[in-house]
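*Asks:* Sequence:
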Amino acid sequence: MTIRESLEKLEEEILSPWAAKAHHSKGRLVSEPECPLRTCFQRDRDRIIHSKAFRRLKHKTQVFLAPTGDHYRTRLTHTLEVAQIARTIARALRLNEDLTEAIALGHDLGHTPFGHAGEEVLNELVPGGFRHYEQSLRVVDFLEKEGRGLNLTFEVRDGILKHSKGLGPILTPDEDGPATLEGEVVRLADIIAYVNHDLDDALRAGLIREKDIPENCLRILGRRHAERINTMVSDVIRETLAAEDRTLHLSAPVLKALEDLRSFLFEKVYRSPAVRREFEKARRILTDLFEYYLQQETVWEKEMSCYEEGTPKERIVCDFIAGMTDRYALYLYEKLFIPKPFAGGL
1 MTIRESLEKL EEEILSPWAA KAHHSKGRLV SEPECPLRTC FQRDRDRIIH
51 SKAFRRLKHK TQVFLAPTGD HYRTRLTHTL EVAQIARTIA RALRLNEDLT
101 EAIALGHDLG HTPFGHAGEE VLNELVPGGF RHYEQSLRVV DFLEKEGRGL
151 NLTFEVRDGI LKHSKGLGPI LTPDEDGPAT LEGEVVRLAD IIAYVNHDLD
201 DALRAGLIRE KDIPENCLRI LGRRHAERIN TMVSDVIRET LAAEDRTLHL
251 SAPVLKALED LRSFLFEKVY RSPAVRREFE KARRILTDLF EYYLQQETVW
301 EKEMSCYEEG TPKERIVCDF IAGMTDRYAL YLYEKLFIPK PFAGGL
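Per UniProt numbering, residue 1 is the first one in the sequence shown, and the count goes up by one each step.
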């Protein structure tokens with residue numbers, strides 16, 4: 001028996017009946033030999049961590065564009081916080097931690113530079129629109145490894161594609177939800193992570209003050225960052241274990257406070273005039289870059305040589321821009337559109 005087989009056997013013995021088991025995975029897009037050491041979900045996690053797209057997350061915006069302060073969150077720190085929260089919940093519910101972690105680490109690989117501002121711009125410019133969760137799946141299926149992709153398992157790919165809730169009901173199950181409970185855990189962990197760390201960053205930036213936060217959110221969830229996360233994580237574990245019905249649960253007071261906190265952030269932070277002003281600058285940068293590169297066939301053919309003949313040029317330019325970090329987009333914009341001081345010498 002290989003180490004992988006012994007791990008798969010252990011999963012069968014200790015994980016919940018509702019957990020996804022590596023041995024029963026629906027498999028990969030392209031069949032390949034199993035690893036003797038790692039389960040399929042462990043391999044997926046490792047492939048994501050070693051991908052170029054994962055490394056670029058450290059220079060992509062969470063809320064504040066290209067922040068100069070050392071302590072503001074980026075897409076990478078957000079991803080790690082989601083993974084930590086999701087693993088805590090998964091372990092307590094006896095779900096598959098490896099699958100949970102792989103989904104969490106890969107869920108935002110398709111995010112654009114400048115956060116949701118970039119997503120809005122590409123959604124307007126690209127035929128058929130742009131959604132970051134679909135782009136995350138495109139990254140792992142195709143864009144990584146020069147067009148070969150990471151060849152991840154169905155369960156990880158499904159969790160990545162279906163991780164986003166937007167402003168929809170936090171716990172209402174729907175037919176388009178993740179196929180695994182691990183995917184549902186990541187979707188909830190994503191919300192828990194961003195409402196807490198974005199609140200923390202907004203306070204640090206002076207965009208809001210603590211007295212602005214709805215009192216019921218502070219009273220129910222807690223007045224400190226760590227306390228709020230602990231309240232939400234403990235509540236979902238306790239309520240879900242008590243229900244025993246393969247569905248995630250939150251108590252009514254905590255769910256209401258979480259919904260109110262999310263609404264508060266959308267109104268006072270994400271849609272605030274200060275943030276929107278910076279987003280409009282990002283809009284101009286990405287629009288100009290998009291229009292410029294549509295005309296530069298030799299450039300994007302060199303950058304994206306993995307495409308099949310006949311691929312729409314808008315799709316190629318979209319992939320190119322979506323993969324940029326904030327600082328690379330700023331660098332290209334300055335290089336292409338900002339005049340350099342004349343040094344003389346006529």
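Be careful, since some hints might not be right.
As the list claims (entries may be wrong) - With a straight-line Cα cutoff of 30 Å, these simulated BS3-like cross-link-like pairs (lysine-lysine) come out: (1) Lys145 x Lys313; (2) Lys340 x Lys58; (3) Lys211 x Lys256; (4) Lys52 x Lys145; (5) Lys145 x Lys335; (6) Lys302 x Lys268; (7) Lys52 x Lys21.
No lab work stands behind these hints, which were simulated from the structure alone.
*Asks:* Each hint needs a verdict: does it hold in this structure or not?
*Replies:* The hints, checked one at a time:
About 20 Å separates the Cα atoms of Lys145 and Lys313, which keeps this hinted pair within 30 Å; it holds. Our distance criterion of 30 Å between C-alpha atoms is met by Lys340 and Lys58, whose separation comes to about 29 Å. Among the hinted pairs, Lys211 with Lys256 is consistent with the structure: their alpha-carbon atoms are about 19 Å apart, no more than 30 Å. With a CA separation close to 9 Å, the supplied pair Lys52 and Lys145 stays within the 30 Å bound.
Note on Lys145 and Lys335: the hinted pairing holds, with a Cα-Cα distance of about 28 Å set against a maximum of 30 Å. Of the pairs offered as hints, the one joining Lys302 and Lys268 is violated, with about 43 Å between alpha carbons and a cut-off of 30 Å exceeded. About 28 Å separates the Cα atoms of Lys52 and Lys21, which keeps this hinted pair within 30 Å; it holds.
Figure legend: structure checked against the earlier numbered hints; the only hint not met is number 6.
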